[in-house]
Each structure stands twice: as structure tokens, then as C-alpha cells.
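Chains as they are written, first to last, in this note's numbering: chain G, 1 to 171; chain A, 172 to 623; chain Y, 624 to 1528.
Note that these hints are calculated values from the structure, not bench results.
Backbone N, C-alpha and C fix where the C-beta goes; we use that ideal spot for every residue, glycine too.
Be aware that one or more of the hints could be misleading.
[Said to hold, decoys possible] Simulated DEER-style distance windows between Cβ atoms:
1. G:A67 to Y:P669: 42 to 52 Å
2. A:A519 to Y:E1260: 54 to 64 Å
3. A:W490 to Y:G1182: 44 to 54 Å
[To be verified] Quick list of in silico lysine to aspartate or glutamate cross-link-like pairs, EDC-like style, CA-CA up to 16 Å:
4. A:K278 to A:E392
5. A:K278 to G:D137
6. Y:K1265 to A:E392
7. Y:K1282 to A:E392
8. A:K619 to G:E149
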Amino acid sequence: MTVLALATFPHESAYLRGRHEMVTHEYRLVGEWLPYGSEALGPGPGAHGIRAAAIVSGVLGAVGLFALTVWSMAFAYPFNSGGRPLFSWPAYIPAAVEFGAFTAAVGGLIWFFREGRLTRLHDAAFEFAEVARASQDRFVLAVACDGGEDANTVLAILANAGADHTRLVTP
Amino acid sequence: MKPHARQGGQRWILPSIQTLGDVTETVAAPLMDVRAKRRWWLAFIAALVLTAVGAVAIGFSLAYGPGLWGNNTAVVWGFPIANYVWWIGIGNAGTLISSLLLLTRQKWRASINRFAEGMTLIAVSIAGIFPILHLGRPMYFYWLAPYPNTMQLWPQWRSALVWDFWAILSYLLFSAIFFYVGLVPDLATLRDRPGRRGWRRLYGVAAMGWQGTPEQWRAQERLHRTLAAIAVPLVCSVHSIVGLDFAASLMPGWTESIFPPYFVVGALFSGFAMVVLIALTIRRTMGLEGMIVPDHFDAMARIILAASIVMGASYAAEWFSAWWGGEAADRRVVVFELTGAYWPFYWAMLLGNVAAPQLFWIRRLRTSPAALIGVSIAVLVGMWLERILIIANTLSRGYVPSFWRLYAPTLVDFLILAGTVGAFLLLFLIFARLLPVVSMHEVRKLLKERAQ
Amino acid sequence: MPPVSALDRRAILRLIATGAATLLASCGRPKEDIHPLANQPEGTLPGTVRRYATALPLAGYGRGVTGLVVDERPIKLEGLAAHPASLGSTDPFIEAAILDLYDPQRLRAPFGPTGPSNWSALAALFREQLAPTRGRGVAVLTGRVTSPTMLAQLAAARTALPEMRHVSWEPFDDDAPLAAARAAFGRPLLARPRLQDADVVLLLDADPLGPGPEQIAHARNWSDRRRKAPMHRLYSIEASPSLSGSMADRRQPAGPRDLAAACHVLAAALGGGSGPLPTLPPELERLVRDAARDLKAAHGRALVIAGERQPEAVHAFAAWANGVLAAPQDWIAPVSGDVSPHCGGLAALADDMHAGRIGALVVLDANPVYAAAPALGFKQAMARVPLTIAASRFGDETGAASQWRVPLSHFLEDWHDWRAPDGTASIAQPLVHPFFDTRTPAAILDLMIDPAARPGSFDAVRAQWTGLDDAAWRTAVASGVVPDSAAPLERVGTAGLVLPPIPPQTLTIDLRPSSQLYDGRFSTNAWAQECPDPITKEAWGSSARMHAGDMSRLGLKEGSLIRIDRGGSAILPVRAVSGQALGTVTLVTGYGREGTGQIADGLGANAWALGGNGTPRIAAQEGGSSVATTQPVFALEGELEKLFPVLAPAEAMPSVTPKPSLLPNPPARGNAPPQYAMAIDTDLCIGCNACVIACQAENNVPVIGPDEMAVGRDMHWLRVDRYVSEGTAGFQPVPCMHCEKAPCEPVCPVEASVHDSQGLNLQVYNRCVGTRTCEANCPYKVRRFNFLDYAERSVWGDAPHESVTAQRNPDVTVRARGVMEKCTYCVQRIEAANHAAAPGETPAPVVTACAAACPTQAIRFGTLDSPDIAGARKDPRHYRLLEELGTEPRTSYLARRRNPGDTPA
């Protein structure tokens, strides 16, 4: 039977030790919850997703508004405004750029939600009280292990690494 | 206050903050779960009264028309536009400070960026009222937006006011996203803290299911950095466009290519002054002495000093280019600025924007609360005067002397200005009760760095 | 001139009654021939403008006008080309008169000693009190009477009441010139200078181009001469800058002493007089000597004009000088019939009133309590008269001092006739049925003669012109003038030399007619009050004009309050006026009114109260109050002189090479519609403001009142700037420039400011959201913003002012609050011409309201290829305002010229 070992660490160093031990002992990390983003975890996958989403949506927004501008000024409703050319492209740039910045942010935000698996107000992780500590002052690690002796070993390793609280969760 | 001698991350958090829990407690404890203090209520009521007065003045203005203000046919713009430019300037600083310092990896931003961004949102929202309010027919402000209509009419995209419309709108929404992305982990903190169920539920919904997993942190940081990279040029362009409202014209004293950068620096300048004032206030009243430390003020005072030198150089460049350019109309405006009907205000502006910040050459004064308050207020007043004088000087000394008319604001003008100050206070007080004024997760990270 | 349709009296009355009844049913008294508009009179179309010739009086003289009537409402008055006192143009008084018709302050019904009354009560009173007296102790006071009908009525009244006394009295009288002519030629004659034939003119404090019944004709004649080569030369010696003085090629300020002394020097130079000459200030001496030389050289084409307020001796001197110079000047017998001195007549009447010898005083359209010399004590005198009746259009001081206040009709509501200053008679037809229970002065005389007389002005006027058969009558009415009715020219002998006595050098008071209010008869007119004074640009009030040196000597600052005592007293602020003679204080009349209503009451001080004799006393008062002005700076220096270039006679404007532009040139106008443009000759603009009020009337420009004016929110679409550039004064009317590269257009965020294919810069009121960016970016500052719903706000106080809306031009939008507005080149007239033209046909020429009003035709409007505009644009004097900005204005100017002669000015 597989059980879940939960441990909370008061410091990032202890947490990293515990995590390192688990990885070396080839335990499967089921979940990690951190009170801040630690660079020690490395870049992770999908490093360019958000940036690409922001750039693409920003360019789309800017070009789109520029196109709307040109269409409305030069084609849909052309008129003489102070003798200026209908296609007064330099004057059409600022609004497009501003709007592009906004759409870039929106695109990035959407990608952030997707990548960070957000907007899940209900998630199994919230069943564990320890996870709530991750947003306060603790580093939380959840490791899958076999029940019984194996579980006790895991708890011991974690406690040894500096966990201030450990427990086993039986599904 | 004395600056700390310690270097690196250690400089920016005092020893009174030891653990991650201390950070959370210090920042989150004074929020909605506990009863507000008496002085918060007093400030709240004062701000509410001021806001109400402003609202009544705005109500009268809407009912009777812009004729209640001091504007006339020559000086067609007045307080509303000056207020707008001033507030948007203040509003520019928060995002700029936050994003610029993030990009340049200035760790000390951690304890000031949140309230600076909050200040931005509030100031930009207030600023956004004015372009609508100042209209002759404010109910039709939406005609500046492109939307399908039976007349098939579109906005006139060559107008700097349309650029401005997009700039403010984009900037406000962008700043809200930027603010929110930084806030999400802290919302989760509030969600997970003991407290009233209703509030926790609200925080929970706002936190969108943030757990703090490594993927989330990575995504959040990437987005934050990406947004910061967009924010810096955006902020500069927003206030440049505000500058173009004036510069994209042919009036003497307005049509100057220095206006966009000069407006951006001016915005940063007034924004930092406001941040200093807010930092001093919340540091004392919300027990954040451990996180907002003398070194922060020292750093901000240096930036104010630098900005004041740029401002001084901009004024000098304005005078010089009027003289060197040889345009009689430009020279008339400069002479009028320095010696004309509004000269006391112009010299007061120079005093506040250029002279007063020079006090910050003295190290001791950079961390002295009294000096910081004095100079910040001088800068804010000076920058406001600059905004109104840009309008009044040029419009009072146009090309045709037969139409040289002076501007005198009315009581309603002053009440509306006072009302916006009240609204700013009011919204900030609410913000300070609802949301953490310091970014907890970033200070936690800073704490780790101090430990190393 | 468009054709004036000939309608018979019944048709006219029917049309008029229809309109009056439907639009103003609540205030008229319709009795007969009322038709709802559903039964449209034949030949009328709703919304179309019909033009009728009629006439309006100023100081008793008739001036022909064309009334524009839309849907039975007269909405605008224009000039009448056939009339010698209009010549197709107007002055501010004609333009403003239409507002009087709709003015809510008008008197509406007789008001007796016990309260509201009616005409039959007055008739009963006449029957009881006047009939038995045979006119003994009965006095009728009128203004100048030129009306043949009125003169006949007066004669009839004298038949019915043989001992009745009639006194004619105008505040600005002809007593001095008549007396001078009587002395010189043995009979009272009036000089009529022919400015069109004069090469050299010397004005002795005369202001022929200034306000008065002959302003239009003089201005037209002067401009006709000024257009011709070789250039004429105008010299002016005057106490305070006037319109004529502003247009003079050379001008020197001089008070009465220096002016009289100048006459002596001039007399000697022209070969008259002997003995030691009085000393003159050097500049004045030089001017007089140069003027004398030029006058002599231009024998037969040289003219000396004495100001109407100058003493008799100066007029006598001018008569002599003109005789010596064989001046282009005609003499006619006064057309008013009554040549007794106005001043003396009124003084005698006042004496009799004080002495209790007057039992009944009927004042017909005159205001002696306000304007009579304070020494007469006219108000107190009226209190001694058992029966006093004052007839006027508006409440006034005389009405307030009378037991009976009876309402007069507006001139456009009844039949009248008047003679022009040259004697030409015009029969003035009504354009609208009387709104209220009002009568004409002639009808009141009628009532005195026969208390049973029926009201109605037509029969009396028709009876007067029995010499005209029906066809001739119709022609005369329709054309606005009675043919060949001008006064015959009188042949005169040579006048002897009279040298005016030289008064001592003392502080003197100089009273002048206001260019807006005249002697006070336009005080109640909101347009007139709001129109800025041509010289000081003051509106809704007037300061005492003084020399800056006098002011500093008396310790006065700009806006200081002073009290002046001479006969009566006046308390008013002072203003330094450059060009004012040292030792003179100039006040304009028409202010300081009481009991007239919301518009005029309490504005300024009554200058007539200083109509006494002797040296005035001036004392500084506590406090200060400045009168709102629209223009703060007059003198142009340095680079600003470019705004108002002044050229020597043969000089041309420097050619301007257009600056390079990033903007592509507009496409060639192949099949484009007519391109409109305006050309304004600043060398001909006399600053009279007729165009300003014409524009106001035509374009529904709202009145904002003194408070808003003080803030600087004037709404006039057309302003007349006055500048003194390179030592030469002049006027520059500034309407919208209709720039081809308009700076206002690209800055408008909502396309409310756009260009049309005719080259017009349009303002789309419906689309305007009121950002005011266009005005902020307008280098000419010609846009106007409606800050406070001026169209709906009333400057008439609590009085219901809906009647004023009846004047509004139905073809022009009434602008809402929060909307930018500006000169449209009278786009409604352009579009009317476009609609009238057949497809493919070129529309008829269009005249804007300002161009139509301009007495000197300084404002010309037309298409770019029309002779007027194309010619002006090729003129060497052609320039555009702020040309260096590259806005390419369609409104352009011809430069002011100076012709100071061979000595420096």
C-alpha cells in the first residue's frame, strides 16, 4: 500500500536537504509547496512559454489596433483632417503600441494561469493542512512511499534533514 | 534613522525580523481580521469627508458645466488637466519603481514595491477621472473609443488625446495585472491564515488556487519579469504620450521635443516623493520598521536628488532652446514664465523641484524623516505647480496678444483637487486594510538571502 | 441686393399677423386676419428667407434696412443698397435693433399713476385734461423729428391745441453747427462733407467714421476714396482716440485749448487772421503746418471737418476754411424741420416746468431725466408738472419720473417714415404685427388731438404720402426709399473768418457717444452691451479714459475709482488710453442707467451727469473695479509687429517662402466645388463692430453677461482686434482663419473638427465632446467654448426670455453647453446657395453676415477665383496671419497703410 509522507521545513536549506535525500533515495516527490520561489529548484520546463505568449499576443494586439486605425481612417471613413494624409502612419503608432503592451500582459497572464495550473480553487492538495503552511512560513514536501517500515524510514530521513513536522497520510 | 552599515541583503531587513513567520505576521496581522485602530478610523473619516466634498464639487460641475471652473476661452484647460497629469505622474512611479528595480535586480524593492504599485493603481484610477470630467460633454467620453455605431464614425487617431485614451486605459489595466501577479501568492497567504471565513473565502477566490508549487513559482516569476520588461517602456511611453498632449501642438512653450523625457522624469520624481511619504507613514503606523529601513529612504532620496537635477536641466534646456531657437513666441513664453503674472508660482516650482531636493546631498538628511517629509511635499507641490503652469503659461501667452488672458482658478477647482487627495487617501487606507502593503513572499526571499 | 418683393399692405399684414399670432400668440393682440400656418399664404415656404425693405431711425434720421423674415419672424437686419444712409451696409445699431424687438424688458402696456392701465384710460385723461386747455401749458418733448408723418401730426396737434409747445431735443444735437451756419450764411444749414472727393481731410475732433446716423455713409465714402490712388491723407486732432482718429494717417491728441490754438495757426497758414499766434506743442504744430500745406495744395479736394461736439466757433472756423479751400462739401437745410436749438429749447422748457407754467408734459421717445444737462434739474422739474406722460420702448429714468409710462412699438412693428440725413425719405413698413399693446409716437399724438382716434399707424403714414399713387406707393415701400426726396443743396456765400477763442488750459471732460450704446438708447440691448468698445475693448461698462500722465499726477492706477464732479457727479474706474490728450477725461454715454431692467441697470456711470459747465473736480475714491475687457495689449512691439504690418504707400509685403513641410500637398482641385475664402482689408476696417453684432445676430451667438465676460469667455465668433503697430493704429477683424492645414483638426479626438471639400473648417457640434484641445492648439484663438449653457441661461434676470429665442436663425444650430463653436463662414448661406443652384451649376455668390454688414466693405468673401478674393490675394499688401506657422489660412488680410507725408509721423 502506498502512503504519503508529509514533511514541513522551517528553512529553505533544510527543505533542500530533505528533498535531496528523497531524490537520492529514489522516492517519488508527489508535491512541493514553497513560501517563496527558490532559484535552487532550477528553471524547470517550459521556460519560454509565457514570454512567447506575451510577445505573440502583444504583437497581435498592436498590429490589430494599427490595422483598425488604418482601416477606419483611410478606408471606412476617410476625411480631410487639417490636410494630413489619410495614412498618417506615425500618428497611428502610439495607440497601437500602448494597446500591444496591454494585450501582451493579458496573453502572459493567461499563459501563467495555464502553466501554473491556476484557477483551481478546489484541489486535492488543499486537503492537507500542511499545504496551508506553505503560504505562511514552511516548506512542504510530500513523498510517496510504501506503508510500514519504508514510511518510517522516510519520516526519519526527513526529520533528520531538518523537517520540524512529519506525518504519514494513508489514502 | 541611521543607515545600516551591513551590505547586501542584510541591509534591507532589520534583525527584528527573524523568521519567515515573522514576515507573515508583521505584514498580514494588521489586515481585516483585527479591528482597525482609532487613528485609521480618524484618517478614514477625514479622507471620506474630503472625498465627499470633492464629489459634491464634481457633481456641481457636471450639473452646471465647466463654467464653474476658472477656465476661459484662452486658457481653455485648467486644474482638471493639471490634476490629471500630476496624478498620472504619481501613478507612473509605482510600476516603474517596481519593474525597473525588478529588472535591475535591486533586492530592496521587495518591501516597497507592493504599496508603490497600489499607489499606482489608485493614482491612475483617480487620474483617469479627469480627462472625462474635464470634457464639455463628459457623457460622451466613449466617443474616443472605436466601437461600431450607426454613424460609422471612428475616433480621430491622429489626436494625442486618443493616444492618451489608449495609454491610460492600457496602463491602468496593465498595472492591475502587474499588481495582481505579484499579489497572488500573498492572497494565498491570507487565504490560509486563520481569520473570518468570509474574508478568507474572498482571498481564496482571488488567489485562484495558488498553492506555491515550484511550477507556479516559476511561472509567476517568469511572468513578473516579462511584465516588468514590458512595463518599463510602457511607463515611459505613457507619460511621453501625456507629454505629447502638449508637445504635439504648435503652441509656444509646448511644442518642444524635450517634453516626453521631461514628463517621464517628472513622473518618476513626483512618484518617488509620494512613495517616500507613504513609506514613512506605513512604516510607523503599521509596524513595518523592520522591513522598510533607513537604507530604503537613503536609496529613494538619492533617486529624488538625481531626478531633481534632471528636472533642473530640463528647465534650463527649455530656457536655452527658447533663447537659442530664436522664436519670438517661445522667448515670450519663457520671459512670461519667469517674470509674468504667475512668476511666484514658477519660482515656487523651481524651489520645490530643483532647490529643495538638493538637501539630499547631505547624507544625514536622506534618512531624516523631517527632511524626507519636507522635501517630498515640496516636490509634490512643485510638480503640481509645474503641471498647471505648463498649461497656464502657454495659453496665457499665445501667438496673438489680443488674446492674452490670465487664468484664475475657482473654489470648485480647489475642492475637486482636494477631493482627489481625499479619494487617494481613502482608497489607500482601504488598500492598507485589505491587502498586504508589503510583498510577503518577496521579503521572505530577501530574508533567506540575509541568512546566507 | 436681392429683389424686394412688392406686396400690398394687406398681404404684408396678413403674413405678419400669421407669424406673430402663431409664434407669439400669448403676447400679441391678434384681432383680424389670423391664419394658422396650415393655410399658408400663397408664395411662402416655411423656412425660406424673405427680404423686405424698411427703415430704422437713429437720432431721428432714417436709415434704410432690409429685414430678413423667416416664418413670419424678422430675424436679421441688413443694409439697404438703395438708401443713402445705408448703402447696403449697417452699423452696430442697426444690427442690434432686431434684439430690441424681442427684448423681454420691453414695456407691454400703459402704466398709470395707480398701476397697470390701458390706452382708453389715457384717452379719457386726454379728453378731460388736455382738450379744455387749448394746449396752454401742454408740452410735447420729442427727439429730432424728420418724419413727415410725425411733423404733420405735430402740426395737426398745434391746430387742435394751438398753444401747445413742441420741443425737439437730442442729447447729441446740431446746435453748434446750425448756429455757426446761421452766423455765417444767415440761415441754419448743415454741412455734408463728401469724403469720397477729398484728397486731404483735417478732422478737428470730428469723428465722421464714428458712431452716429451718418457713420455708414461717411465710412463708405471714405473707403471709396481710400481705395483710389493717389492715396488720400487724413489728419486728425482730437482729445481721445476715436475710430476716425485711429484711421488717420497722422493724428495728434489735443484738448480744447490746443485745438482752438491749432485753428489759429491753421487760419494763419491758410492766409487768414493776423496777430501773434498762440503756441502749440511741437508735434501738434508740425501736424498743423503739414496739414495746412497739404490742404492748400489740394485746393478743391481738401476738407476740414469740425466735430459735432465742438463749440460754434470751431464750426464757424471750419466753414471759413472750407470756403477758402473750395472743399468738397454740400450744404442742406436741416431735414428735421424744427431748427430751434435743442439745448435752449429744453432749458426753456425746464425753466417753465420749474416755474409751474407747464400743466402737462408728454415725452415721446426721449429721455431727458437721464441725458439732459444736470443744471436743468429735469427730474425735479417733472415733479412740478401736474401731468407727466412718458412714452418709450423700455423702462427708463424719465418713465420712472412720470405718472404715466406708456409703451411704444418697436420700429419694425408699425408704419413709419423718416428722412435720411440727406433728406431722402423712406417709408418704413412693419415686418411683424405688434407683440404688445403698444403704439407709435404719432399715434399718441393722434390720441392727444382726438382722444377717440383708433390706433393704427398705416393710415397716418399713407395719408402723408397722398402724392404717391398706389403703384408709386408700392414701389416706394418695396424699395425702401421715396424717389427724389433728398433735400436740395443750398448755395452758400463765403463765410467770414471766425477764430475760436482760446480757452485756458484746464482739465476738461469730453463726452462721446458710445460706439455700442450711442447716447443710451441701446443701453438695454444685450448685444450692444456685450460688444467690446472699439478703442478700449471694454464690455458691459465703461471707464473714464485718461492720459497715463494725468493718472500718475492724480495718483491713480488702472482701475482706480474716481469721482468726477461737474454739474452732477459720476463715480467710475479709470483706464489709461494711449493717444488721449493730456488734461482731458473722456467718458462715453449710455451707462449708469436706472430702472431700465436687468441689462443696463447699475452698469458704469452716467456721463451725462457731467454735462455741466466749468472745470470738473476729480477725486480718487476708495477701492477699484475694473471693467471687463477682451483685449489686454494694444501696442505691438518687436516681432509682434508682424501680426499687424503697416506699409508705406508703395511698399509691398515681403514675400514669404513657404517653409518645407512633411505633409504632402493637397491634390489638385480639378472638379472640386467652389473654394471659399475671405479677404479683410485692415486699411479699410474702421473697427465699428457692425460685423461683430451681425455675426451674433446671424449665428445665434449667445449673450454671456458681464460676469462671464470678466472671466474671459466671450462668445463672439468674430472679434475685432485693435493694434498700434509701428506707430499706426488700426483694426484687425479676426474670424476663423479656415486654415487649409488647420492645427485644430488633427488634435480633435472625435472628428468634430474636420475640413470639407469647399475648404471650410467645420465644427460638428453634435460630435464635439468638448476637450477644448482645438482651441488650445489654435494659434489665432478663434474658437469659442460654451462653458455654461449660454443659449439657455438668461442675462435678462427673472424676466421670461423665451421671446429672445424667436430671433434665432432657424438655419443655424443653437449650440449646447460643453461644445466648441466658431465662425463657419456662414455655412448656412453657402449651403443655401448650393441648394438653390441646379445640379452642375455654379452656386450663386455668397455673402457672409460680416461682409454684408461692413460699411467700408473691408471684409470680402467669395470663392478663390472670384475677382474680389483673387484680386486681394494678388495685392502687394496681401498677407496671412502667422503665415510662418504653415497653417495656410483661407482668411487673409491686406496690410494697413500709412501716408504720413514727407515728415515723420
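Evaluated hints:
no., hint, in the structure
1, G:A67 to Y:P669: 42 to 52 Å, "holds (48 Å)"
2, A:A519 to Y:E1260: 54 to 64 Å, "violated (30 Å)"
3, A:W490 to Y:G1182: 44 to 54 Å, "violated (33 Å)"
4, A:K278 to A:E392, "holds (14 Å)"
5, A:K278 to G:D137, "violated (20 Å)"
6, Y:K1265 to A:E392, "violated (62 Å)"
7, Y:K1282 to A:E392, "violated (54 Å)"
8, A:K619 to G:E149, "violated (35 Å)"
The earlier numbered hints that this structure contradicts are 2, 3, 5, 6, 7 and 8.
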